[in-house]
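Chemist: Sequence:
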Amino acid sequence: MNMQLFIVAGILVHFVFLISIFDIYFTSPLVHGMTPHQILLPPPAQRLVLFVADGLRADSLYALDSSGNSNAPFLRNIIASKGSWGVSHTRVPTESRPGHVALIAGFYEDVSAVARGWKENPVEFDSIFNESKYTWSWGSPDILPMFAKGATGDHVYTNCYKAEREDFAAEDATILDTWVFDQVKDFFNLAKNNETLFPKLHEQKIIFFLHLLGLDTNGHAHRPHSREYRNNIRKVDEGVQEIVSMVEGFYGNDGNTAFILTSDHGMTDWGTHGAGHPSETLTPLIAWGAGIKYPQTVTSQQYEDTFLKEWKLEMWKRQDVNQADIAPLMASLIGVPFPLNSVGVLPLEYLNNTAQFKAESMLTNAVQILEQFKVKMVQKKKTTLSFLFSSFKSLSESEQIDILRKTRIFIQHEKYEESISLCRKLINLALDGLSYYHTYDRFFLGLSITMGFVGWTFYAILIIIKSDTSLTRGISKNKVPDKFFQYGFAAIGVLIAFFLFIQSLPWTYYIYCLLPVPVWYAVLKEYPVIHVLIRFLLNVERAQFAGFLVIYAVGIEILVFSFFYRSTLTFGLIVFSVWPVVIRLWIQAKATVLSWILSCLLLAIFPLMPVIGRESNISLVTAAGLLIILIALSYLVTFFRRSKNKYLHHKDLQIYLFQLLSLVASTYIVNSTHSSLQSKQGLPIINQVISWMTLVSSLIVPLLSPTFLFLRLLSILLSLMSTYLLLSTGYEALFPLALALLMFVWIDMEQEAIQQYGISFKPKLAALSFSYTTDIPQFRPLHVDDIRRAFFFVFFIVTAFFGTGNIASINSFDPTSVYCFLTVFSPFLMGGLLLWKIAIPFVLVSCAFEAIQVTTQLSSKRLFLIVLVISDIMALHFFFLVKDYGSWLDIGTSISHYVIVMSFTIFLMLLSGVAQLLTTKRLELWEGTKRHSL
Numbered sequence: 003m004n005m006q007l008f009i010v011a012g013i014l015v016h017f018v019f020l021i022s023i024f025d026i027y028f029t030s031p032l033v034h035g036m037t038p039h040q041i042l043l044p045p046p047a048q049r050l051v052l053f054v055a056d057g058l059r060a061d062s063l064y065a066l067d068s069s070g071n072s073n074a075p076f077l078r079n080i081i082a083s084k085g086s087w088g089v090s091h092t093r094v095p096t097e098s099r100p101g102h103v104a105l106i107a108g109f110y111e112d113v114s115a116v117a118r119g120w121k122e123n124p125v126e127f128d129s130i131f132n133e134s135k136y137t138w139s140w141g142s143p144d145i146l147p148m149f150a151k152g153a154t155g156d157h158v159y160t161n162c163y164k165a166e167r168e169d170f171a172a173e174d175a176t177i178l179d180t181w182v183f184d185q186v187k188d189f190f191n192l193a194k195n196n197e198t199l200f201p202k203l204h205e206q207k208i209i210f211f212l213h214l215l216g217l218d219t220n221g222h223a224h225r226p227h228s229r230e231y232r233n234n235i236r237k238v239d240e241g242v243q244e245i246v247s248m249v250e251g252f253y254g255n256d257g258n259t260a261f262i263l264t265s266d267h268g269m270t271d272w273g274t275h276g277a278g279h280p281s282e283t284l285t286p287l288i289a290w291g292a293g294i295k296y297p298q299t300v301t302s303q304q305y306e307d308t309f310l311k312e313w314k315l316e317m318w319k320r321q322d323v324n325q326a327d328i329a330p331l332m333a334s335l336i337g338v339p340f341p342l343n344s345v346g347v348l349p350l351e352y353l354n355n356t357a358q359f360k361a362e363s364m365l366t367n368a369v370q371i372l373e374q375f376k377v378k379m380v381q382k383k384k385t386t387l388s389f390l391f392s393s394f395k396s397l398s399e400s401e402q403i404d405i406l407r408k409t410r411i412f413i414q415h416e417k418y419e420e421s422i423s424l425c426r427k428l429i430n431l432a433l434d435g436l437s438y439y440h441t442y443d444r445f446f447l448g449l450s451i452t453m454g455f456v457g458w459t460f461y462a463i464l465i466i467i468k469s470d471t472s473l474t475r476g477i478s479k480n481k482v483p484d485k486f487f488q489y490g491f492a493a494i495g496v497l498i499a500f501f502l503f504i505q506s507l508p509w510t511y512y513i514y515c516l517l518p519v520p521v522w523y524a525v526l527k528e529y530p531v532i533h534v535l536i537r538f539l540l541n542v543e544r545a546q547f548a549g550f551l552v553i554y555a556v557g558i559e560i561l562v563f564s565f566f567y568r569s570t571l572t573f574g575l576i577v578f579s580v581w582p583v584v585i586r587l588w589i590q591a592k593a594t595v596l597s598w599i600l601s602c603l604l605l606a607i608f609p610l611m612p613v614i615g616r617e618s619n620i621s622l623v624t625a626a627g628l629l630i631i632l633i634a635l636s637y638l639v640t641f642f643r644r645s646k647n648k649y650l651h652h653k654d655l656q657i658y659l660f661q662l663l664s665l666v667a668s669t670y671i672v673n674s675t676h677s678s679l680q681s682k683q684g685l686p687i688i689n690q691v692i693s694w695m696t697l698v699s700s701l702i703v704p705l706l707s708p709t710f711l712f713l714r715l716l717s718i719l720l721s722l723m724s725t726y727l728l729l730s731t732g733y734e735a736l737f738p739l740a741l742a743l744l745m746f747v748w749i750d751m752e753q754e755a756i757q758q759y760g761i762s763f764k765p766k767l768a769a770l771s772f773s774y775t776t777d778i779p780q781f782r783p784l785h786v787d788d789i790r791r792a793f794f795f796v797f798f799i800v801t802a803f804f805g806t807g808n809i810a811s812i813n814s815f816d817p818t819s820v821y822c823f824l825t826v827f828s829p830f831l832m833g834g835l836l837l838w839k840i841a842i843p844f845v846l847v848s849c850a851f852e853a854i855q856v857t858t859q860l861s862s863k864r865l866f867l868i869v870l871v872i873s874d875i876m877a878l879h880f881f882f883l884v885k886d887y888g889s890w891l892d893i894g895t896s897i898s899h900y901v902i903v904m905s906f907t908i909f910l911m912l913l914s915g916v917a918q919l920l921t922t923k924r925l926e927l928w929e930g931t932k933r934h935s936l
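Numbering (the working numbering), first residue to last: 3 to 936.
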């Protein structure tokens, strides 16, 4: 098979494997076509005021300071004298968009919707705002528009500030909140004399939504334990008090206004959110006013956490809810239909109303969720053959009718507790049923993907054996399978397509289910190679083969474990350090082996350190910059003296001088920027310009340097380090330096290792060039040791990914790293910069791997095939580890692992091309420059 064609096919196949996870696990839970349901009894409130303090942690609001005083005295007084309180538990990802969707629409948004739009409304869903008579909202342009655009008619009004106000370098981010409070005050003052607005404000079923972003901005910029964050809480507390006073005064203290204050997500101590740490998932909930219970004093409360004593709130009853439960609570308070897509359960403990009202509310809640269950079941029934359809046994139609009949009888006989108990049972069964039908196709889709995975991996192994070993020399290369074999696979494909067609399944199902057919056809077409392989395995020495398998199985398990425990990488690097001693390589190259051991042990320190982002330490960034400058200078001086102008000319030195100056500039800019931000003077424009110029030049300047092995690698390192320093905030700035040091030693080690199996030709490393175009495979065939080289590469790639972080730190959003480039909130631009920061260590490892292929005199394409097989085995392992049960953090993490490994596989194919471009191509700026060739 043509290698280029194989790589293209590989990218397409792996892309299918990757996107399959979105159809299996990330499909939208939303269904449409339900009938709205609302409480027929008079609601306790005519209007609702919803305060959402973006990024407010529960403990930051509830805890007392060192003097025993609260940062929010007004809200604490509400807890003690006027309302109910508790903790709202959010789900992963703890980001603003899904948090607000859960609060206002009552369901947990699927990941695909988050990926498809930040400000827009990518999927149609109902919300409490849509069901209201009127909603007025003030706040961020990132949040408000998605609920207005999702509403029917023209009754959701938004007033947003400009996006430029969301500046992490602003002198005082509380202006985002004071702007909202001032706009609300102006709104009510204007309404007093506005003949159009005044009657609207006196309608029933209206909502006022105040989105307060200051805390999130200050938390990112200064951390949640900072003075700025605490001051912002006081500002919010004062602002809420003023708004409550103004609203009650506007309506003449009629007692028909309900107030709710909560947050979309919390924040870690180091100023990030997105993952599942308790500081991110525990948010405050305070409710008071019309329809809300007054404080209930208790003598003792049982909670798994110890926060009650820390907060000094143990005497007032704490009522915890899931974040989605707040939407039905708001609907119940103002008497609007429950949002059609809501999966929240009404928290009755917050309601101050009659037992009948509570029972009717719970029945409405149950019927609304049951409607979704029915629609979901009908949809699934339509796309499944009747004899194959298996209904959700726990909630049959007769069971539904029976529970609803009993509930209504209990309400008629005023047995409200019994009716509420039945409603809870019905809700739980309906939610289980929704999950059952939502995951109905998961098994057969998973089976299809597994078949494709195994087939593709086996096919890659056969290609390696066929192309690079002597096992298949006697086999005819052009043997064509007989017609029966071809027609058999064609018939299987037609049957599968027909089976999918008559069930009207989505077009993506055709790809997943039909993919294994051509893959396994390609595998079985190579049956002569399979026969030779089986014969070889039967004749090989069993003990040696078993030992070989055990070593690599353990190695792959170490890689898998590293996704859960970063310290596993440390163990692997320590094992790597003794590798040359085990193969007795130290006898012929003591200095190189010693360098290898020390480099491995140095890099092994990083996975043991805390994940990046928790503590900023610009001094370490400065130290990393100075260290790389000193190392590069000493190497260039030594190399220039030894080569005697043979490989490095004065004109080439100008490029390295420019890169060293760029490193000096980056080191200075990091210090200057963070100093300016700390003094609240903003991001200097000159710093921003130089940072972007450095980023752009870092991709071009290496192409101007000589293509000799270490000279080109040094140029790549210097350029990428300039950008990496600008994106660093702490010890991670030292990580690429330690990684690059090991990569340089690895190249030297591998050249020493190739002599052990009969290759006498050993050119000087200084003389080797990436532009060396000789057909390398003619020098030697594939060796067993090449599997070890490929495994080293995969291990170093994983180390590059998890050396300074983990899944949670990668999912969490910390804008501090990009402050040299921009401080105004821009999620996609900031995300792109952070992704490039993550990719830089990958590029360093990939370029080193290109150098390994040159020094070991093996075709890069053949060695890459082995990498592909190892990566695919890991990916299949994680595919089986994906789960849809347990905590949402466990589910999200398991899916993230699979997506990351699959992205690795696709990314490595593309990265191989990037590495070849960076290492082999050269741009000439000076005419007359001599070209060097071997």
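Be careful, since some hints might not be right.
[To be verified] Below are the BS3-like pairs computed for lysine-lysine, each with C-alpha atoms no more than 30 Å apart in a straight line:
1) 653 with 314
2) 395 with 376
3) 164 with 194
4) 653 with 187
5) 207 with 395
6) 84 with 314
7) 295 with 427
[As the list claims (entries may be wrong)] Derived DEER-like restraints, expressed as beta-carbon distance ranges:
8) 165 with 576: 47 to 57 Å
9) 506 with 915: 36 to 46 Å
10) 351 with 200: 32 to 42 Å
11) 411 with 883: 41 to 51 Å
12) 159 with 508: 35 to 45 Å
13) 488 with 576: 51 to 61 Å
14) 305 with 244: 25 to 35 Å
15) 305 with 883: 27 to 37 Å
16) 691 with 505: 51 to 61 Å
Honestly, the hints are just simulated from the structure, not real lab data.
Fair warning: this is a prediction, and the values are worked out from it, not measured in the lab.
Glycine included, every Cβ here is placed at the ideal spot set by N, Cα and C.
Chemist: Look at each hint and say if it fits the structure.
Modeler: Do the hints match the structure? See the list:
no.: 1; hint: 653 with 314; verdict: 71 Å, violated
no.: 2; hint: 395 with 376; verdict: 13 Å, holds
no.: 3; hint: 164 with 194; verdict: 27 Å, holds
no.: 4; hint: 653 with 187; verdict: 67 Å, violated
no.: 5; hint: 207 with 395; verdict: 39 Å, violated
no.: 6; hint: 84 with 314; verdict: 17 Å, holds
no.: 7; hint: 295 with 427; verdict: 25 Å, holds
no.: 8; hint: 165 with 576: 47 to 57 Å; verdict: 49 Å, holds
no.: 9; hint: 506 with 915: 36 to 46 Å; verdict: 40 Å, holds
no.: 10; hint: 351 with 200: 32 to 42 Å; verdict: 36 Å, holds
no.: 11; hint: 411 with 883: 41 to 51 Å; verdict: 48 Å, holds
no.: 12; hint: 159 with 508: 35 to 45 Å; verdict: 38 Å, holds
no.: 13; hint: 488 with 576: 51 to 61 Å; verdict: 52 Å, holds
no.: 14; hint: 305 with 244: 25 to 35 Å; verdict: 33 Å, holds
no.: 15; hint: 305 with 883: 27 to 37 Å; verdict: 32 Å, holds
no.: 16; hint: 691 with 505: 51 to 61 Å; verdict: 58 Å, holds
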